[in-house]
Structures are given as structure tokens and as C-alpha cells.
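Chemist: Below are the chains, spelled out letter by letter.
2 protein chains.
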Amino acid sequence: MDRFELIEKLRQKSNEKIVFLVLDGLGGLPKGGKTELETASTPNMDKLAMEGETGLMIPVSPGITPGSGPGHLALFGYDPLQYVIGRGVLSALGIRFPIKEGDLAARINFATIDKDGNIVDRRAGRIPDEINKKMCEKIRQIKIPGIEFFIETVKEHRAALILRGGDFSDKLSETDPQKIGVPPLPVKPLINDEKAKKTAEILNEFVEKVKEVLKDEHPANMILLRGFALHTRIPTFEEVYGLKACAIAGYPMYRGLASLVGMEVIDVESGVESEFRKLEELWGKYDFYFVHIKYTDSSGEDGDFDRKVSVIEEVDRNLDLILKLKPDVFVITADHSTPANYKAHSWHPVPVILKSKWSRSANIKKFGETELLHGTLGIMKSVDLMTLIMAHSGRLAKFGA
Amino acid sequence: MDRFELIEKLRQKSNEKIVFLVLDGLGGLPKGGKTELETASTPNMDKLAMEGETGLMIPVSPGITPGSGPGHLALFGYDPLQYVIGRGVLSALGIRFPIKEGDLAARINFATIDKDGNIVDRRAGRIPDEINKKMCEKIRQIKIPGIEFFIETVKEHRAALILRGGDFSDKLSETDPQKIGVPPLPVKPLINDEKAKKTAEILNEFVEKVKEVLKDEHPANMILLRGFALHTRIPTFEEVYGLKACAIAGYPMYRGLASLVGMEVIDVESGVESEFRKLEELWGKYDFYFVHIKYTDSSGEDGDFDRKVSVIEEVDRNLDLILKLKPDVFVITADHSTPANYKAHSWHPVPVILKSKWSRSANIKKFGETELLHGTLGIMKSVDLMTLIMAHSGRLAKFGA
Numbered sequence: 123m124d125r126f127e128l129i130e131k132l133r134q135k136s137n138e139k140i141v142f143l144v145l146d147g148l149g150g151l152p153k154g155g156k157t158e159l160e161t162a163s164t165p166n167m168d169k170l171a172m173e174g175e176t177g178l179m180i181p182v183s184p185g186i187t188p189g190s191g192p193g194h195l196a197l198f199g200y201d202p203l204q205y206v207i208g209r210g211v212l213s214a215l216g217i218r219f220p221i222k223e224g225d226l227a228a229r230i231n232f233a234t235i236d237k238d239g240n241i242v243d244r245r246a247g248r249i250p251d252e253i254n255k256k257m258c259e260k261i262r263q264i265k266i267p268g269i270e271f272f273i274e275t276v277k278e279h280r281a282a283l284i285l286r287g288g289d290f291s292d293k294l295s296e297t298d299p300q301k302i303g304v305p306p307l308p309v310k311p312l313i314n315d316e317k318a319k320k321t322a323e324i325l326n327e328f329v330e331k332v333k334e335v336l337k338d339e340h341p342a343n344m345i346l347l348r349g350f351a352l353h354t355r356i357p358t359f360e361e362v363y364g365l366k367a368c369a370i371a372g373y374p375m376y377r378g379l380a381s382l383v384g385m386e387v388i389d390v391e392s393g394v395e396s397e398f399r400k401l402e403e404l405w406g407k408y409d410f411y412f413v414h415i416k417y418t419d420s421s422g423e424d425g426d427f428d429r430k431v432s433v434i435e436e437v438d439r440n441l442d443l444i445l446k447l448k449p450d451v452f453v454i455t456a457d458h459s460t461p462a463n464y465k466a467h468s469w470h471p472v473p474v475i476l477k478s479k480w481s482r483s484a485n486i487k488k489f490g491e492t493e494l495l496h497g498t499l500g501i502m503k504s505v506d507l508m509t510l511i512m513a514h515s516g517r518l519a520k521f522g523a
Numbered sequence: 123m124d125r126f127e128l129i130e131k132l133r134q135k136s137n138e139k140i141v142f143l144v145l146d147g148l149g150g151l152p153k154g155g156k157t158e159l160e161t162a163s164t165p166n167m168d169k170l171a172m173e174g175e176t177g178l179m180i181p182v183s184p185g186i187t188p189g190s191g192p193g194h195l196a197l198f199g200y201d202p203l204q205y206v207i208g209r210g211v212l213s214a215l216g217i218r219f220p221i222k223e224g225d226l227a228a229r230i231n232f233a234t235i236d237k238d239g240n241i242v243d244r245r246a247g248r249i250p251d252e253i254n255k256k257m258c259e260k261i262r263q264i265k266i267p268g269i270e271f272f273i274e275t276v277k278e279h280r281a282a283l284i285l286r287g288g289d290f291s292d293k294l295s296e297t298d299p300q301k302i303g304v305p306p307l308p309v310k311p312l313i314n315d316e317k318a319k320k321t322a323e324i325l326n327e328f329v330e331k332v333k334e335v336l337k338d339e340h341p342a343n344m345i346l347l348r349g350f351a352l353h354t355r356i357p358t359f360e361e362v363y364g365l366k367a368c369a370i371a372g373y374p375m376y377r378g379l380a381s382l383v384g385m386e387v388i389d390v391e392s393g394v395e396s397e398f399r400k401l402e403e404l405w406g407k408y409d410f411y412f413v414h415i416k417y418t419d420s421s422g423e424d425g426d427f428d429r430k431v432s433v434i435e436e437v438d439r440n441l442d443l444i445l446k447l448k449p450d451v452f453v454i455t456a457d458h459s460t461p462a463n464y465k466a467h468s469w470h471p472v473p474v475i476l477k478s479k480w481s482r483s484a485n486i487k488k489f490g491e492t493e494l495l496h497g498t499l500g501i502m503k504s505v506d507l508m509t510l511i512m513a514h515s516g517r518l519a520k521f522g523a
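Respectively, the protein sequence lines represent chains V and P.
Positions 123 to 523 (my numbering) are the ones given, in order, by the first sequence.
Positions 123 to 523 (my numbering) are the ones given, in order, by the second sequence.
It is possible that some hints are incorrect.
Since the list gives no way to pick one copy over another, a pair counts as held whenever it fits inside one copy or between any two copies.
To be verified - Restricting the straight-line Cα-Cα distance to at most 25 Å, the calculated cross-link-like pairs of lysine-lysine (DSS-like) are:
1. LYS237 to LYS487
2. LYS520 to LYS503
3. LYS237 to LYS333
4. LYS448 to LYS333
5. LYS169 to LYS156
6. LYS131 to LYS503
7. LYS222 to LYS169
8. LYS301 to LYS520
9. LYS366 to LYS222
It is worth saying that the hints were derived from the structure and are not from the lab.
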């Protein structure tokens with residue numbers, strides 16, 4: 123019996139409210155003996171850590187650094203090695219495109235080619251979004267009978283392509299040759315399969331037409347296609363857990379990931395206080411509130427240890443906005459580590475606090491990676507967290523007599 | 123996606139150097155409150171434990187005592203329950219026989235039979251190696267058309283048999299009846315399969331001929347065959363990890379295990395200082411240096427607590443020879459525990475230190491089983507260690523966007 127089958131079997135109703143606060147990239151590495159989290163002054167979170175269940179979580183498996191997709195899927199209880207979301211689909215989700223099962227998504231890069239058709243610039247001089255939008259509009263004229271095309275601006279030279287209405291395959295090679303001075307590659311089927319061949323033909327025809335439509339433009343006179351991904355519907359949060367869930371997240375990627383699992387995505391300005399106030403405003407309407415704070419990750423990626431510390435402190439200062447709502451289950455954790463000195467996502471386990479009226483306590487003195495080694499949850503896998511949350515919120519019956 | 127598929131997908135180049143020091147059977151049990159490792163004075167390893175990632179590892183699964191084969195395969199990242207290396211093959215590897223895919227290997231015991239063909243001594247009085255070699259030479263005269271036979275002395279009454287050139291099965295019963303006063307058993311196919319039947323016939327014909335050739339010898343006038351194992355090639359270290367690896371190990375078994383995964387086996391005299399000096403000599407030529415110290419295990423098997431302590435101290439005293447090379451990733455661990463008071467391999471988790479510039483620290487005061495319970499790695503599985511090493515040496519890209 124897998125996790126979802128077990129949960130489905132044991133699931134029961136409850137009115138308890140869950141706040142699931144994700145500080146993106148929270149986990150860190152020490153500078154002068156202390157990590158970002160250990161350096162930050164966090165009296166509110168320290169109290170939660172002292173009273174609640176605590177530990178560290180491995181997002182995917184030991185040594186594996188997760189992207190935002192796998193990191194969040196694991197937090198939502200979806201095994202990230204089973205539910206693999208392709209780049210094209212993530213890109214479409216990131217701009218909140220209402221992708222459907224069976225859609226084929228790809229990432230578009232606008233590029234510049236010379237009169238011989240060779241690539242001069244793989245990013246078309248990073249054109250501004252405005253030019254990108256105009257180019258997308260031009261491309262939208264293209265028709266191929268029986269297939270619906272959606273072309274949407276992402277940012278700079280990047281756009282999203284979604285095909286609908288065919289029986290597509292995503293076992294296709296990309297057209298970006300990853301170098302200049304050569305023409306774009308054709309899309310080729312990666313497997314000997316009729317669907318893949320047919321999809322490649324459609325895409326090559328589309329690219330030819332794009333080339334024709336853009337031939338008098340500059341610098342964006344060509345497109346490169348990457349990250350083909352067929353969208354397969356995955357079971358929603360409501361189907362798996364019976365939870366009515368909403369996502370309070372300012373950034374497109376996380377809104378996309380939340381909508382992928384069927385959460386209701388709330389319009390909110392990105393920021394600690396604005397997101398916490400939005401939560402307050404919505405309080406009572408949902409069972410599960412996913413609140414996503416981006417800046418712990420972005421400061422980590424920028425290598426800015428001090429800024430990451432201050433973002434953590436900002437979260438702690440505003441925590442009363444959540445605490446006064448008295449959520450039945452309050453979880454604070456991260457999708458992955460982004461140590462400031464590593465300047466990137468990393469594989470290191472992430473801190474977690476789970477506070478409910480049924481939590482055990484390990485008398486943790488400070489919310490931090492080193493102290494949490496002594497927590498009640500030990501070192502667990504992120505994918506198991508949702509089952510624990512279900513239990514703590516009274517939503518799982520006994521297994522077996 | 124399994125571990126190897128994931129690693130293949132994420133693997134990237136790096137020049138970082140890894141030293142992988144295995145103190146065979148390092149884990150112990152307390153005598154007067156402290157284990158062998160806890161009793162030993164190990165200032166160098168204590169410093170590494172304080173600075174690096176630490177924990178305990180379960181070699182196979184809880185309660186399972188590994189032989190050297192599974193213990194090392196797990197350390198090398200090969201699931202020992204999936205990659206099962208038969209005894210015949212291990213025996214051939216142990217004497218560095220260049221075994222090939224499709225070879226059938228078995229262990230030979232020289233035995234003594236009486237004039238009625240009944241076994242009098244299952245070990246032929248543990249004949250000296252010299253006699254063993256003479257007997258092997260005699261047996262080598264035997265010819266069976268189409269099949270190549272290799273017969274190699276191992277030690278005392280033990281030899282290795284390797285068959286090459288046929289389409290063999292290893293689903294065969296052994297000929298050792300495990301008692302005296304009865305004749306050796308014939309080889310029988312264990313499954314209803316043509317290959318197994320044919321292989322049994324060849325082996326029975328071979329044994330008949332051996333009996334004939336040795337009939338005037340004493341005490342080694344017969345052979346018993348055990349541990350039939352077909353050799354299946356397993357993916358090499360270079361194929362799985364992209365690592366150019368060498369093995370600095372004085373003992374045949376470990377050289378054999380290293381060659382099984384495609385490491386280059388270095389000629390070296392067994393011993394702490396000689397092996398560490400060999401490492402120094404080779405420094406820069408490989409990505410991954412597997413250094414194997416045998417005496418922690420052999421003193422444990424002899425039940426000699428104090429000798430095991432002094433071997434550990436000898437390693438620590440010589441550790442500067444490695445430290446001064448400044449490996450990017452330095453791992454110290456064990457294939458299994460061999461507690462001196464248990465006098466055998468045991469199932470207890472083994473200590474591990476992993477030091478790199480990306481290690482978290484848990485401020486461990488002493489490298490020892492009890493302290494390591496508070497380490498940053500918690501209690502993990504040995505088979506996951508290589509993925510962590512890949513991450514710490516910059517050899518794994520991010521999983522998913």
C-alpha cells in the first residue's frame with residue numbers, strides 16, 4: 123500500500139485549521155560557527171521549537187539538491203521521484219497558464235539568426251518584455267489545423283509554448299544547439315514511436331512558420347524550443363487529503379506549483395507582512411493555508427548571509443499575525459536549503475517545526491539546524507510531513523483493528 | 123527512478139579529490155562503558171568529527187550482519203540486496219582471478235575419501251598450500267571439449283574453480299554433504315531448466331575425472347564443490363559516478379571487491395603507514411581513493427579489544443599523511459562493525475565522518491559511536507553515502523527546476 127492509498131483508507135473529517143509556512147531555502151551552512159537561522163534572533167520561532175515537534179527533513183534523498191518543483195511536491199506529500207514535472211510544464215505553471223491534462227508544454231527562447239539561418243545570439247539580446255509580448259502576438263497568427271497553440275510571454279527572451287488537441291509525446295529532442303554559428307536543430311523523436319514522430323512534425327512545421335513570420339524582425343527573428351513536457355494531471359490536495367487548501371504566495375512559480383495540486387491560488391503582494399495579513403483576512407475559509415516566503419531563498423542565492431538573517435528575523439517579528447489566529451496545526455519549514463555561502467540550492471536537510479496540541483517536545487532552545495538534530499522528529503523525509511500533519515489535525519483514523 | 127538513474131541524470135564534472143578511508147569492522151561494543159573507538163585516543167579524527175558531517179550508517183538493513191562483500195558494495199553505493207555477489211565469485215575475486223561476465227565460479231574444498239568413496243575428512247587435514255598447488259596442477263590436465271577450466275589455489279584445503287565458454291546456470295546444488303561417512307553428492311539442477319541440467323552434467327563429469335586423477339593421492343584425493351555463482355558484470359564506478367577510482371588495499375578480498383566495480387587496484391603492502399604513503403605517491407592521478415585498513419577487523423575477530431584500540435590509534439597517528447594532501451572530501455567509515463567482545467562481524471551501525479567545505483557540523487567532541495548519535499547525518503543507510511559524496515564534491519546538478 124503506498125502513502126496515498128493508506129491516507130485514502132484512513133482519512134476522516136475534521137475542522138482543524140493548518141498553517142503551512144514555507145521559508146524558501148531556509149536551511150543554511152555555518153559562517154563563524156552559526157548558520158543564517160542560528161544567527162537570526164527568532165524568539166517566536168524558538169518558543170514554537172521548544173513546544174513543538176522538531177527535526178530535519180531530507181527533501182528528495184541524501185545528497186540530492188531539489189529544484190523548487192521537487193522541493194514543494196515533497197512538502198505537499200507527493201514523492202518527487204514519482205511525480206516528475208517537466209520544465210515546460212513548470213514554465214507554464216509559473217505564468218499561471220491554465221494547463222490541462224494532455225497539453226504539451228515547452229520553453230521558448232527568442233534568438234537571433236543571420237541571413238544564412240545560423241544563430242548569432244541564443245537569447246536575442248535579452249529583449250525587454252514588451253518586445254517579447256509583440257513577438258508572441260505575431261506568432262499567435264500561425265495556424266496548424268486541428269492543433270491549438272498558446273504562446274505566452276514569461277520574461278526577457280523567454281516565453282512558454284503550449285500545444286493542445288493532439289495525442290502528443292514529449293520524447294523529443296530540443297532545437298537549441300547550445301552554441302552559435304550553427305542553425306537551430308530540428309525537433310526529433312527520441313523514441314521510435316508514431317506519437318513522437320507526429321509531434322515532432324507538428325513542432326517543426328510550427329517553427330518553420332515562426333521563422334517566416336519573424337523574418338523581418340530584429341533581434342528576435344527566431345525561436346528555440348526546450349524542455350518538452352506532457353502535462354499529466356496529478357491527484358489534487360482535496361482528492362488525496364480531503365483538504366480545502368489555498369496558496370498565499372507572491373511568486374509565479376509557487377503559485378503554479380500550488381495550482382498543480384489543486385490549491386486555490388490567492389492574489390497577494392509578495393512580502394512577509396502582506397502575505398501574513400492576507401492569511402488573517404482569509405482565516406476560516408480553508409482547511410490548509412500554504413504561505414510561501416521567497417526572500418530567504420533569493421538572499422541565499424545572492425550569497426547575502428546578513429540579508430537572509432534579516433528576512434528570517436522579519437518573519438519572526440511578524441509571526442504574531444499568524445499565532446493570534448491560533449491555528450490547530452502550525453508548521454514552519456523549507457523546500458530545500460540555500461546556504462548563503464553556497465549561493466545555490468543545496469542538498470542539506472531542512473529545519474521543521476510542527477506544533478499542535480498533540481506535539482511532543484524535545485525542549486529545543488533555539489530554532490536552528492544544529493539544535494534540531496535533537497528534535498522529536500529526528501531526520502525524516504519531507505514527503506512524510508503531510509501524513510504527520512493529517513494525524514496532528516485529527517484527520518487520520520487508526521490503521522487496522 | 124532508482125539511485126543510479128538519478129545519479130546518471132544529474133552527474134556533472136568536477137576535479138575535486140575524494141579520500142574514502144575504510145577501517146574494516148571499526149564499529150564496536152562497549153567494555154567498561156566505552157567501545158574500542160571511544161577508548162582509543164584519536165585527536166585527528168576527533169577534530170574531523172567536530173568539523174565534519176557525522177553519523178552512523180546501517181550497512182544493509184537493521185539487524186543484518188554483512189559479509190565483506192555486501193558491506194563494501196553498500197559503501198560503494200551498490201544496493202547489496204540487489205547486487206548479490208555469489209561466494210564462488212567472491213572467492214575468485216579474492217585471489218584476483220580475472221573473472222569475466224558469464225564465467226561460472228565455485229569454491230573447491232579438497233577432501234579425503236576412503237576406498238568405498240565415503241568422505242573421511244571434508245578438509246583433507248587442512249593440507250598446506252604447497253600440496254594444494256600440486257593438486258591443482260594435476261587437475262588442470264582434465265579436458266572437457268568446449269569448456270575452459272581454471273583451478274586456482276586459495277589457501278590450505280581451499281581452491282577456486284572457474285568455468286568459461288558455456289552457457290551456464292548457477293542454480294545448482296552443492297556436492298558437500300556436510301558430514302562424513304557418506305559419498306560426495308552429485309551436482310543437481312535446482313530448477314527445471316536445460317542450462318542448469320547441462321551445467322550439472324559438465325560439473326559431474328569434471329568431478330568424476332578429478333576423482334580419477336587424484337585416486338592415488340593422500341589425503342587430498344577428492345574435491346567438494348560449493349557456492350556456485352555465475353558472474354554478472356556490474357556497472358563500474360566510472361560508469362555510475364564518472365569517477366576515476368583506485369583501491370589501496372593490502373588484502374586480496376578487498377582488492378577483488380574494488381576490481382569488481384572497476385577500480386584500479388594498486389600494488390601495496392598491507393599496513394597503515396605503507397597504504398597512506400602509497401596514497402601520497404598517487405595523489406592527483408585519480409578522483410577517488412579507496413583506502414582499506416584490515417587490522418581493525420582482524421583484531422576484532424580475534425576478540426582483542428586492546429589491539430583493536432591500538433590499530434585505531436595507529437591510523438590516527440598517521441592521519442597527517444592524508445590530511446596534508448587536503449582532499450576536497452574526506453570520508454572515514456567502516457563496512458560493518460566487528461566488536462571485539464562479539465568476535466565476529468555484527469549488524470551494529472558503523473561510524474562515519476564526511477568532511478568537505480560544505481559540511482555542516484554538530485560539534486561532536488569525540489569520534490565514537492555514542493557521540494555520533496548526535497551527528498548531522500543521523501542514522502542513515504551506507505548505500506546513500508556515495509550520493510552524499512557526489513554532492514559534496516560538486517558532482518551532482520540540481521534535480522528538477
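Chemist: Please flag the earlier hints that this structure goes against, numbers listed from lowest up.
Modeler: 1, 4, 7
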